[in-house]
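So you can see what is in the structure, the chains are spelled out below.
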Amino acid sequence: MSRHIVIIGNGVAGITAARFVRKLSAHRITVVSSETDHFYARTALMYIYMGHMRYQETKPYEDHFWTQNNIDLVRGYATQIDTQSKVVRIADGVDIAYDALLLATGSKSNLFGWPGQDLPGVQGLYGMQDLALMERNTRGISRGVVVGGGLIGIEMAEMLHARHIPVTFLVREQSYMDYLFPKEESALINDEIVAHGIDLRLGTELKSITGLDRASAVETNLGDLIDCQFVGLTAGVHPNTDIALASGIHTNRGILVNEFFETNAPDVYAAGDCAEFDADGIGSRRVEQLWYTGRAHGKTVAYTLCGHRRPYRRGVFYNSAKFFTVEYQTYGEVPAQPDPHIRSQLFRQGRALLRVNSDRKTGQVLGFNAMGLRLRQDQCEAWIRSRTPVDHVLKSLAKARFDSEFQPRRVYSRAAATSD
Amino acid sequence: MESHASLQLTTPGSRYSARQKTGLALIGVGILALLVMLVGDGTLNPALTMGVALAGFLLGSGLLFAGLLQRAPGVNNNGIWFSGATARGMAGWIMAIVFTGFYIILYWTPSNLEQLVRGTDALSSALRGRPADQWFLYGLFYTLAILIMGARMLIKYRDNKYQILRTISVMFFQLGLAFILPSLMLLLNEPEFYFSYFWPLKYDYLWPSTFSSLTQGPGLGIFLLFWTAVMTFVATPVLTYFFGKRWYCSWVCGCGGLAETAGDPFRHLSDKSTKAWKVERWMVHSVLVFVIVTTLVLWINSWTGGGLLGGLSQEFSSLYGFFIGLIFAGVIGVGFYPIMGSRVWCRFGCPMAAILGIQQKYLSRFRITTNGGQCISCGNCSTYCEMGIDVRWYAQRGQNIVRASCVGCGMCATVCPRGVLRLENGSMKARYNGPVLIHHDDVSVQLDEAWQRERPLMPSVQEDLPILTDEDLGTSPV
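Here the protein sequences come in this chain order: A and B. Here our numbering is used: the first residue of the first sequence is 1, the next is one more, and so on. Here our numbering is used: the first residue of the second sequence is 1001, the next is one more, and so on.
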């Protein structure tokens, strides 16, 4: 029996769900988005601004893909759900009736009530509209200030830098992302930021933004005044729960779901950035806001939407990023703070860094951090999952290399040498 | 949402330093010197004027590219889609028209290039012991383009060993084997022979006319025949088996050499649509059939003493030479760089690429491996694929890329911001890995057996080498 599956949000979670529902069934699928007509890679927003790609290059599928796969795309803003009569209201549009509804509404930029945060020239960066705004806001300016030392903050700094706009980068922490990175990794990124001519201010917070008709300066908590015409607010994101709040669906930080992505409303699901796992569900990390987790959520929920109800299970954690020119990959357990139970071995050479963590007692490998190196995910995961002795891992690190051919990396041989 | 800056000659934010401006000015002087030679009355000393032109280009581009050194190493494609020159803006179209026009003049009315040709006489006499002709001029320009833009590549990709070695390789093969050596052959009264070109790209190297001229002439003729035969029928398939077609297309070939160096600023302009892929397959394989048929017809004609086919074979071969050799490879292949990207000829027309591609697809150890679930679908790989392969389509589903057209330039892996792609030569067994699940146990979808039988969604993961050995598992003494 064909059902109508409606998905709100055409980001990676919503679209992955749509694709897998299509692989699994002949259900009618409608994807609603107020952001863009077609799915694009949010991860590539920065590259559009930097001139590496245009919007059309960031679309992972050609436009005919959607008609070919019989996935209806609706451009509109979903405001409310009538969970009784199973209808989604679209602002200035036609209501859509559903048999199953997936909320994949993503995130919104955090604002912390800074004075002046609503001035023109002040903005966050999350979606296509933000990018268009940034394009306008940064025309002909002589300095931009980026507030918030996370992934989007450093991206924004790189974006402005690519347009030859001087950047001041305010980072609350004493070292870039020291809440996530051990201190060597963090220091390496600090150096990388400074090497690109960014005015990096560590241990510095935004106090206020001043300006008459648009931002003209920021004041920091240290009392410094910085003249600028653009302020990027990148102090994290939070789940976009607007539609759930308007529809009586339970929320906390995000839209509350169990490990099957089911909300409290029948046949309404939530996945991706906007979802928050409830207490009995999935353990720590209740909200997952990565590209990879969005994709994994979307795929899992697709099975449930098609009547093959199954829970979300995390694999070995992994993530990746690029900080200016430094690529970063992480697998498994690599806490920022030294942990008495974890032996952390660090190998460095120039801008390359490799950290291998293992259990101090058993000697089994637990995790990897790589900067300026490329590791093979299959191999790292397999070692972690099978609790391979770290000595053996270090000796056979060559198997995990994914660097391009001919790339010399003494890091690996150094690591191998220590295992003897 | 697009930036409509494509008609601007410079980006709003970009600033040229005094050194870069000097470089541009010197290039301007070089262009002016060439113009004077083209339209002037010939009263200026041609060798001197040519010297000024070449010095202007060399010094000017040197100053210009030195600016790249001040950027941090690492991929930097900033502003490519904003610049008129590289985003089909005004400068791009002007370049396309100038390049195309140059080819048309070169092929059809070379007498208009007389002064330019005379400007290279001195060099030609020194190298070849005879005055220059338009082909010497062309060869000189071609080689200089590869050397100058090759130097730019070496700076731009200076932190990537693969790109460095590959670029040095194409520079070496062009300068040594496609420019100096053929010239020296002429100096020594040997046939002008290009050691780095083989049939079917150099289509006439297996034609009966070449055979008879080589066997009848004195000197190295027999050796050259032997070289051609060995390279075409032995070395090419063996090397392609081990390394894929990249050993030739992006390491040796002169057409590839120009595309990889002078064409690098335009690589993103290739069409990535599935429609273009369809056109490509029909076109490039038709040319391959055309050249094989032409070669066969010529041999049949030669064996039958012209009795069987008469003048037909002659017409066939001149048709091929005109439409494929001249118009496709030259005029469109290079002239359209700023409009259709740097590999128009290699992708849609080159019979050598076609034949190597077929082997690469079915009988080669080469593939581009994807790294588990790391792809973020950003699209840099597809954008910068000069062959128009939608690399992301494979990468985002965790599938190895085994495509006939891939020339192995490695740029997808170079521009990938997440380390997802790697060029590899490995066992043939695991090349087609099927769409491996994005993350092997991200969902831990344990489909019930009936469901799985009905829809075999997940092909089993084949492994090249066992990822985990007993030692990894710690079950045997280390």
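It is worth saying that the hints were derived from the structure and are not from the lab. Here the structure is a predicted model, which means the values were calculated and not measured. It cannot be assumed that every hint is accurate.
Unchecked claim - If you anchor each label on the Cβ, the simulated ranges turn out as follows:
hint, chain 1, residue 1, chain 2, residue 2, range
1, B, 1276, A, 113, 34 to 40 Å
2, A, 56, B, 1047, 57 to 63 Å
3, B, 1062, A, 208, 48 to 54 Å
4, B, 1230, A, 37, 30 to 36 Å
As the list claims (entries may be wrong) - Quick list of in silico lysine to any residue cross-link-like pairs, SDA-like style, CA-CA up to 20 Å:
hint, chain 1, residue 1, chain 2, residue 2
5, A, 183, A, 23
6, B, 1161, B, 1278
7, A, 399, B, 1425
8, B, 1021, A, 164
9, A, 361, A, 350
10, B, 1161, A, 327
11, A, 23, B, 1397
12, B, 1275, A, 183
13, B, 1161, A, 361
14, A, 399, B, 1278
15, B, 1161, A, 398
16, B, 1278, A, 327
17, B, 1161, A, 405
18, B, 1278, A, 62
Idealized CB from N, CA, C, for every residue including glycine.
Structure-based check of all given hints:
Between residue 1276 of chain B and residue 113 of chain A the beta carbons are some 51 Å apart, a value that contradicts the proposed interval 34 to 40 Å. As the Cβ distance of residue 56 of chain A to residue 1047 of chain B is approximately 49 Å, the hint placing it in 57 to 63 Å is violated. Judged by the Cβ atoms, the range 48 to 54 Å given for residue 1062 of chain B and residue 208 of chain A holds: they are separated by roughly 50 Å. About 56 Å separates the C-beta atoms of residue 1230 of chain B and residue 37 of chain A, a value inconsistent with the hinted range of 30 to 36 Å.
At roughly 45 Å between alpha-carbon atoms, residue 183 of chain A and residue 23 of chain A are farther apart than 20 Å, so this suggested pair is violated. Proposed proximity of residue 1161 of chain B and residue 1278 of chain B is contradicted: the alpha carbons are some 34 Å apart, above 20 Å. With a C-alpha separation of about 14 Å, the suggested pair residue 399 of chain A and residue 1425 of chain B falls inside the 20 Å cut-off, and the hint holds. For the suggested pair residue 1021 of chain B and residue 164 of chain A, the alpha carbons sit about 17 Å apart, so the restraint of at most 20 Å is met.
For the proposed pair residue 361 of chain A and residue 350 of chain A, the alpha carbon gap of about 31 Å is over 20 Å, so the pair is violated. With a C-alpha separation of about 16 Å, the suggested pairing of residue 1161 of chain B with residue 327 of chain A holds against the 20 Å cut-off. With a CA separation close to 14 Å, the supplied pair residue 23 of chain A and residue 1397 of chain B stays within the 20 Å bound. Restraint check for residue 1275 of chain B and residue 183 of chain A: the C-alpha separation of about 50 Å exceeds 20 Å, so the hint is violated.
Restraint check for residue 1161 of chain B and residue 361 of chain A: the C-alpha separation of about 40 Å exceeds 20 Å, so the hint is violated. The suggested pairing of residue 399 of chain A with residue 1278 of chain B is violated, with an alpha-carbon distance near 38 Å, which exceeds 20 Å. Taking the CA atoms of residue 1161 of chain B and residue 398 of chain A, the gap is about 18 Å. The hint holds against a cut of 20 Å. A C-alpha spacing of about 35 Å is found between residue 1278 of chain B and residue 327 of chain A, which places the hinted pair above 20 Å, so the restraint is violated.
Restraint check for residue 1161 of chain B and residue 405 of chain A: satisfied, since their Cα atoms lie roughly 7 Å apart, inside the 20 Å limit. For the suggested pair residue 1278 of chain B and residue 62 of chain A, the alpha carbons sit about 15 Å apart, so the restraint of at most 20 Å is met.
Checked against the numbered hints given earlier, this structure breaks hints 1, 2, 4, 5, 6, 9, 12, 13, 14 and 16; the rest are met.
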